[in-house]
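Just need the whole structure built from these sequences, with the hints factored in.
Top to bottom, those sequences are chains A and B. Heads up: the first sequence begins at 1 in our numbering, then just goes up one per residue. Heads up: the second sequence begins at 83 in our numbering, then just goes up one per residue.
Just so you know, the hints here were simulated from the structure itself, not pulled from any lab data. Be careful, since some hints might not be right.
[Stated by the list, open to error] List time: in silico PhoX-like cross-link candidates among lysine-lysine, alpha-carbon distance up to 25 angstroms:
no., chain 1, residue 1, chain 2, residue 2
1, A, Lys-54, B, Lys-153
2, A, Lys-65, A, Lys-54
3, A, Lys-31, B, Lys-207
4, B, Lys-153, B, Lys-140
5, A, Lys-54, A, Lys-31
6, B, Lys-128, B, Lys-207
7, B, Lys-128, A, Lys-54
8, A, Lys-65, A, Lys-31
9, B, Lys-153, B, Lys-207
10, A, Lys-65, B, Lys-153
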Amino acid sequence: MAYSEQEILTGLAEIVSEETGLPTDSVSPEKSFTDDLDIDSLSMMTIVTLAEEKFSVRIPDDEVKNLTTVGDAVSYINGAQG
Amino acid sequence: MTTARDVVITGLGATTPLGGDVASTWAAALAGESGARTLDNDWAEKYQIPVSFAARLKVTPDQVMPRPEIKRMDPSAQYAVIATREAWADAGAPEVTPERLGAVVSSGIGGIWTTLDAWDTLQEKGARRVLPMTVPMLMPNSPAAYVELELGARAGAHALVSACASGAEAIGYGVEMIRSGRADVVVAGGTEAAIHPMPIAAFAASRTLSLRNDDPQGASRPYDVKRDGFVLGEGAGIVVLESAEHAAARGATVHARIAGVGLSSDGYHMTSPEPEGRGQIAAMNAALTEADVAAKDVVHVNAHATSTVVGDLIEARSVRGVLGADADHVALSATKSMTGHLLGGAGALETIFTVLALRDRKAPPTINVDEPDPELVLDLVRSTPRDLPAGQIAAVNNSFGFGGHNVALVVTSA
Numbered sequence: 001m002a003y004s005e006q007e008i009l010t011g012l013a014e015i016v017s018e019e020t021g022l023p024t025d026s027v028s029p030e031k032s033f034t035d036d037l038d039i040d041s042l043s044m045m046t047i048v049t050l051a052e053e054k055f056s057v058r059i060p061d062d063e064v065k066n067l068t069t070v071g072d073a074v075s076y077i078n079g080a081q082g
Numbered sequence: 083m084t085t086a087r088d089v090v091i092t093g094l095g096a097t098t099p100l101g102g103d104v105a106s107t108w109a110a111a112l113a114g115e116s117g118a119r120t121l122d123n124d125w126a127e128k129y130q131i132p133v134s135f136a137a138r139l140k141v142t143p144d145q146v147m148p149r150p151e152i153k154r155m156d157p158s159a160q161y162a163v164i165a166t167r168e169a170w171a172d173a174g175a176p177e178v179t180p181e182r183l184g185a186v187v188s189s190g191i192g193g194i195w196t197t198l199d200a201w202d203t204l205q206e207k208g209a210r211r212v213l214p215m216t217v218p219m220l221m222p223n224s225p226a227a228y229v230e231l232e233l234g235a236r237a238g239a240h241a242l243v244s245a246c247a248s249g250a251e252a253i254g255y256g257v258e259m260i261r262s263g264r265a266d267v268v269v270a271g272g273t274e275a276a277i278h279p280m281p282i283a284a285f286a287a288s289r290t291l292s293l294r295n296d297d298p299q300g301a302s303r304p305y306d307v308k309r310d311g312f313v314l315g316e317g318a319g320i321v322v323l324e325s326a327e328h329a330a331a332r333g334a335t336v337h338a339r340i341a342g343v344g345l346s347s348d349g350y351h352m353t354s355p356e357p358e359g360r361g362q363i364a365a366m367n368a369a370l371t372e373a374d375v376a377a378k379d380v381v382h383v384n385a386h387a388t389s390t391v392v393g394d395l396i397e398a399r400s401v402r403g404v405l406g407a408d409a410d411h412v413a414l415s416a417t418k419s420m421t422g423h424l425l426g427g428a429g430a431l432e433t434i435f436t437v438l439a440l441r442d443r444k445a446p447p448t449i450n451v452d453e454p455d456p457e458l459v460l461d462l463v464r465s466t467p468r469d470l471p472a473g474q475i476a477a478v479n480n481s482f483g484f485g486g487h488n489v490a491l492v493v494t495s496a
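Here it is in structure tokens:
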């Protein structure tokens, strides 16, 4: 079953909120993981691990550095769905 | 007279099976409450573990700590940080140069929940599902590191490991950091979160746990003739240690002093205490000598006494051996009768009890002693607290651990 972009955004926001304590509505597509959400590399890898499981996708390490914003991650996950 | 090397305690913090903080824990201890309960899970049945009870925390971290913090800390670190926040506030959040502030927090077992959860994840889901925070959460220095980060301490963060003596040894090392001039303030103590079916099964296998499943609250009974082993507990105790000079300069309230630290090892057996108590006696003598406290000035001993058949009596004879006839006027308390055995947290929590006993002039009770062991050669405080004398008084807190580790701390009134 494929997730819609909105469902991915909602699910990702929940993961980010659990990890950082930020409210889910602050996790919007234009936000930068590092500059806006203050997520360090270890937290980013935690989010990636949890997102891979939640959406049944694979996000290679080489790809993670290209995921600057929340929107980048939503698009990548959307495209990676089987 | 105060000297620069004197170390005082200006802050106390704890989360225990008796309460979520020091005040509620102490009130429950003076009231003689037990923190042991039947576990609300199916571990005993599912894994055929012969023990179905333990002394869990009275207030769980999710009631006092934000969820993102909980998710990145093993429970052992959560408990330590919760106790640290209380201790630091109790000390009045001292202003101290970060380079002069240290953290020494020990755990006897380490991040066992994180370790085993990650192993489950690896087996069930594979390596890509193992979370990146796993190592920082499971490492035994994780509680010390989280406390260091919490306070921005830069004089050093340490995690001394000596099984059930770890919490007391951490406090002893903190005292040394101040005496040697490395730090002015050290946050020190111990923590444990090992109420997990694997350690319970393992302790049960070593035949050290009480099997009194039909009476959890009556199971921890140090010095009673029907004692049959310890009750596994969890929690943390943290103290703020400060040089007397530093505390006086800021007008801090002093709860008590740590006047002497005595350390030894048995060199005898992995799990059995040396029968003549030579190591225990050496540790107590060293602590009393360092403290310059005479046997006649010791009015209270908080015993390690875990409620095992052999260990309790060896310790009692060791105390008698050190104090001689002066042991007659010592009020002996075995608080594990109420808290269960916090393993790496025990020595720290019992140091807090010792400090409070001197401050409030009340030795806490030892519950469940229906019939004292006839071989007990000391005056045990039983169902109700015992008043301690006025004036300058001293107490000893003993902690011993698997491996033959012996730690004695001499605490004196403020």
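State the violated hints by number, sorted upward, taking the hints as numbered earlier in the document.
Going through the list in order, the structure violates hints 3, 7 and respects the others.
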